Each structure stands twice: as structure tokens, then as C-alpha cells.
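J.: Protein chains in written order, with my numbering: chain A, 27 to 423; chain B, 15 to 98.
If you're looking for bench data, these hints aren't it; they were derived computationally from the structure.
Small disclaimer: the values here were computed from a predicted structure and weren't measured.
Zero decoy hints are in this set.
Looking from chain A toward chain B, a few residues come up when the C-beta cut is under 8 Å (computed): (1) Pro136; (2) Pro369; (3) Arg371.
A short, non-exhaustive set of chain B residues, derived as facing chain A with CB atoms under 10 Å: (4) Ser34; (5) Tyr36; (6) Gly37; (7) His38; (8) Ala39; (9) Leu40; (10) Tyr56; (11) Glu77; (12) Ala78; (13) Pro80; (14) Glu81.
Just the calculated beta-carbon pair ranges, DEER-fashion: (15) B/Glu66 x A/Asp94: 41 to 47 Å; (16) B/Glu66 x A/Ala141: 29 to 35 Å; (17) A/Gly161 x B/Pro46: 37 to 43 Å; (18) A/Gly245 x B/Lys33: 20 to 26 Å; (19) A/Val148 x B/Glu66: 37 to 43 Å; (20) A/Arg147 x B/Glu50: 21 to 27 Å.
A virtual CB, placed ideally from N, CA and C, is assigned to each residue, including glycine.
So the chains spell out like this:
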Amino acid sequence: MAMDIPPHVPRELVFDFDFHTDQRLRDDPQRGFRSLYELPSIFYAPHYGGHWVISGYETVFDALHSPDIFSSEDQHIPPSDEPQFGQIPVMQDPPEHTVYRRLISPLLSPKAVGALEARTRVLASELIEGFKDRGQCDFVREFAALVPVTIFLRLMDLPTDKLEEFRKWSDDFFSAGTEEALRAANDQILAYISGHISSRRGSGANDFISALWREEVHGRPITQEEMEAICMLLFIAGTDTVTNTLGFSMRHIAEHPEIQERIASNPSEIPEAVEECLRLFSTSNVQRRVACDTTFRGVAMKRNDMAVVLTSTAGADSEMTDNAETFMLDRGRKQHLAFGAGPHRCAGSHLARIEIKVCLQEWFKRIARFGIKPAAEVPTRAGTVMGIMSLPLTWDL
Amino acid sequence: MKPTTSSTTPSLRIHVDRKSCYGHALCVFKGPEVFELDDEGYCISDGILVPEGQEEQARASAEACPERCITIIEETASNDSSED
Ligand code: HEM
Ligand code: SF4
Chain A
27 MAMDIPPHVP RELVFDFDFH TDQRLRDDPQ RGFRSLYELP SIFYAPHYGG HWVISGYETV
87 FDALHSPDIF SSEDQHIPPS DEPQFGQIPV MQDPPEHTVY RRLISPLLSP KAVGALEART
147 RVLASELIEG FKDRGQCDFV REFAALVPVT IFLRLMDLPT DKLEEFRKWS DDFFSAGTEE
207 ALRAANDQIL AYISGHISSR RGSGANDFIS ALWREEVHGR PITQEEMEAI CMLLFIAGTD
267 TVTNTLGFSM RHIAEHPEIQ ERIASNPSEI PEAVEECLRL FSTSNVQRRV ACDTTFRGVA
327 MKRNDMAVVL TSTAGADSEM TDNAETFMLD RGRKQHLAFG AGPHRCAGSH LARIEIKVCL
387 QEWFKRIARF GIKPAAEVPT RAGTVMGIMS LPLTWDL
Chain B
15 MKPTTSSTTP SLRIHVDRKS CYGHALCVFK GPEVFELDDE GYCISDGILV PEGQEEQARA
75 SAEACPERCI TIIEETASND SSED
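All chains should be built: construct the whole structure from the sequences, respecting the hints.
T.: Structural data, given as C-alpha cells:
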């Protein structure tokens with residue numbers, strides 16, 4: 027904790043919490059983040075240059091609806107003077123954000139992504155059929171990591187023959203330990219998709235890239251750079267998130283035979299199970315930069331303070347629901363903020379819900395009882411976006 | 015102009031604050047017979063009357079909307095025709 031606390035931060039709001047490596051986040055990062063409910067809903071963590079940590083359903087909801095206080099532009103923990111990747115529209119503020127968000131929403135609306143459900147189903151069933159007779163698999167590596175990347179390639183109509191390479195770049199990206207490694211992985215992915223983007227200009231096809239080329243921004247055609255920023259964001263926001271939500275959820279289900287039994291005998295409850303998975307095993311928090319000197323819910327903040335907003339645990343707030351930490355299909359309201367709220371609410375939530383639902387449906391059709399392989403390692407990582415890198419499962423043949 | 019009902023039993027009208035709708039689509043998830051989204055995924059059911067028998071769905075949707083932008087207003091046939 028060798029760092030100065032800025033003078034506007036009251037000492038009683040400072041708690042030693044490293045959102046990447048804190049002990050509480052080891053093995054079970056969601057539970058670790060949930061344990062922060064013991065602390066004030068707004069506290070200051072003296073790591074990575076110092077930043078606020080905001081938790082609790084109401085407080086998070088409020089922060090996400092206050093883009094004039096909590097800006098998405100130039101947010102970076104630790105603060106950085108380097109130019110940011112500037113992903114569109116997630117690192118923009120209204121009103122500019124609204125201009126771009128309007129282009130993306132129709133392309134990812136429930137209607138637009140509905141057609142991907144059948145493809146997801148074929149893909150998921152093929153993958154499971156491929157390992158079912160082995161009595162074991164690595165759920166993350168052999169299944170949960172493959173579905174979203176393949177569906178991303180389909181959405182973009184990119185060839186799937188590069189799938190293996192693409193997955194490796196994506197692994198590099200999400201496990202990058204340094205700023206350089208992150209940039210290198212980013213450049214690799216970008217180099218691959220930017221060629222496909224430029225060659226689709228003027229195409230009348232209906233894939234995401236071709237359709238986006240037909241859009242206008244501020245009365246002029248969209249540019250190659252804007253196209254790249256949007257497509258890169260879709261890749262970053264739309265693959266790893268689904269993989270890890272599936273992975274963490276399945277780990278919990280694998281440890282609870284009673285949940286398996288319930289789902290296997292009531293497959294029509296799977297959409298409700300998806301909401302319960304999102305409520306407890308969301309993988310995404312968000313970051314913001316304080317845009318002005320202000321007081322937010324009684325706490326004085328200064329311009330350029332950074333904040334980690336815990337969207338991932340908002341659904342486990344005991345003020346919102348009973349037995350908040352328990353996976354319960356019978357819970358009436360499964361309120362959560364896994365997809366955020368307000369202007370930046372996840373544009374891909376409809377596709378994400380389809381992917382998670384279909385994966386669970388196809389799985390439970392074929393493998394109703396399963397468990398974690400005894401003594402297996404289940405490596406996880408914490409941070410703004412959490413990850414589960416491997417989940418070895420076994421079942422009786 | 016909004017349709018009036020001839021019945022005297024209170025009917026339920028949906029109010030959606032469209033400024034606050036960010037397209038979560040949970041209204042449709044909980045109330046497929048009541049709610050509808052436009053092509054961008056935003057709710058377009060502001061002002062509609064809840065079809066008979068779908069009152070539960072409508073209430074569940076209003077509860078589920080993460081933006082809290084759905085309210086259900088009970089109106090009787092008489093005040094229904096005297097609005098605005
Ligand atoms: C379980 C899976 C997912 C989770 C938990 C998740 C979570 C989130 C969250 C919390 C945000 C808000 C970011 C912020 O407020 O700064 C967000 C934004 C976004 N997500 Fe997702 N997401 C998931 C899947 C997807 C998928 C599959 C796609 C695309 C196909 C996608 C595309 C986006 C985009 C484009 C944004 C930016 C929206 C904006 O800034 O207006 N996400 N996501
Ligand atoms: S649930 Fe609420 S925010 Fe979402 S589409 Fe329906 S009305 Fe809009």
C-alpha cells in the first residue's frame with residue numbers, strides 16, 4: 027500500500043483491495059467480489075494509481091445512469107497518457123455515443139441475432155457429440171471457448187478456417203499480462219479483420235460488416251477506422267465474456283447435483299437458469315473516469331479519479347433479494363446488472379443469452395449428470411473482466 | 015387518440031418511459047404476449063392496453079425491466095375516454 031492517498035479521499039473509505047490479485051479473489055473471483063459487500067458501497071483502493079470501487083445494486087445502477095459524472099472516455103486503470111484503443115461505442119460518452127450506438131443496436135437486436143440461434147445449436151451439438159463418448163472434456167477449452175468465437179466469425183461472415191489461429195490470438199489478448207502484450211495481440215487480430223473490412227465496402231450482403239458499411243455518421247459515410255474500432259470491440263466484448271460466464275456457471279452446476287437434476291428434468295426452465303447464471307456468474311465489471319469534481323452519494327470525488335464499477339455482483343445484493351448468494355431457479359425476480367444498464371447497456375445481450383441458453387440446452391440433452399474431474403486444477407483470473415481458463419469435467423458413460 | 019373500452023371493469027394500460035428504455039428486452043422475455051420491440055430492440059408498447067388474461071405477464075414484465083421504465087396504470091372505462 028505504498029502510495030499516497032489523494033487528500034480528498036477520507037481515510038475511513040480506504041481499503042486495501044487489489045482487484046487483480048487480492049486473496050479473496052483467488053479460485054472464486056465472483057465470491058471474492060461479493061465479499062466486498064462487507065465494505066462501504068463506495069470505497070477507495072490504493073492500487074494501480076488508486077481508484078474507487080463501487081458496488082451494490084442501487085449504487086451501481088446510479089453510477090451507470092450518470093455518464094456526466096462517470097465518463098467512459100479515457101478511462102484506464104492505472105491512468106495512462108498513451109492514446110487508448112478508443113473502442114466504439116464503449117469508450118464514448120453521450121451524445122457522441124448515441125450516434126454510434128444507433129448503428130449497432132439494430133444489427134444486434136433480438137430480431138437480427140435470432141437467426142444465429144439455429145447455427146449456435148448445430149455448433150454446440152456437434153462439439154458435444156465430439157467428446158460425449160469419452161466421458162470427459164475440458165468444458166472451457168473444448169466447448170465454451172469455441173462457441174462464441176465461431177459465432178463471432180459467423181456474425182461477421184469471416185472464414186472459419188482460421189478458427190484455431192483466431193482462438194490463439196484471442197487467448198493472447200485476454201491473458202495479456204502487460205500493455206505491450208495486449209497491443210501485440212490487438213494488432214494481430216486487427217490485421218486479420220481489417221483486410222476483410224476493407225474488402226466488404228460497397229457489398230450488398232447482410233453480414234454485420236457489410237451492413238455497417240452502409241451506415242452514415244454525422245451525414246458522412248462511416249470510415250475504415252470507425253469500422254475497425256467497432257468490430258474490434260465486438261470481438262473483445264462478445265467472445266471471452268460468453269466463454270467465461272458459461273465456464274463459471276458450469277463449474278457451479280457441476281458442483282451441485284441437485285441443480286443438474288432440476289435442469290435435466292425441466293429443460294424448459296433453462297432460460298430462467300440463464301438469468302440465475304448471469305446474476306451470480308457474470309464476468310464483467312466496468313471502469314469509468316470521474317469527469318468533474320463532484321459529490322456522488324455523499325462521497326467527494328475529483329475529476330480524473332478512476333472507478334471500478336462492480337456490475338458483476340449487483341445481482342447478489344442482499345437488499346434486492348433473499349438468499350442472494352444461492353443459485354435458485356425458483357427465485358422470482360432475478361435482477362442483475364450483468365449486462366450493465368443505461369446508455370452503454372450491453373448491445374450483445376440478446377446474442378449472449380441465446381448462446382448461453384443453447385449451450386446449456388444442448389449439453390443437458392446429452393449429459394445430464396457430471397462433475398469436476400477429481401483433483402483437477404481450475405485456474406481463474408480476476409480483474410475488471412474475470413476468466414476461467416480450464417474446467418475438466420467427467421461423467422459416467 | 016386511444017381506444018376506449020366499453021366494459022366497466024378496470025383495464026390495465028402499459029406506460030413505457032421510452033427515454034429510459036435501453037433495450038434490455040426483459041419485458042418481452044417475461045411478457046411475450048404483451049410487449050413488442052422495434053427493429054433496434056427498444057420497447058414500443060407504450061400506451062397499449064394489456065390483453066385480457068395477460069395481467070400477470072404484464073406485471074412480471076414491469077418488475078423485470080432493469081431500467082424500471084414500465085408502469086401499469088389501472089383505468090376504468092369512464093376515465094379512459096376523458097384523458098387529455
Ligand atoms: C455473458 C456475456 C456478456 C456480458 C456479461 C457482457 C457485459 C457487458 C457489459 C457489462 C457492458 C457495459 C460496458 C460499460 O458499461 O462500459 C457491455 C457492453 C457491450 N457489449 Fe457485452 N457482454 C456480454 C456479451 C456480449 C456479446 C455476445 C456481444 C456482441 C456480440 C457484446 C457486445 C457489447 C457491446 C458492443 C457493448 C458496448 C455497448 C455500448 O457501449 O453502448 N457483449 N457488455
Ligand atoms: S425491459 Fe425495459 S428497458 Fe428493456 S426493452 Fe423492455 S422496456 Fe425497454
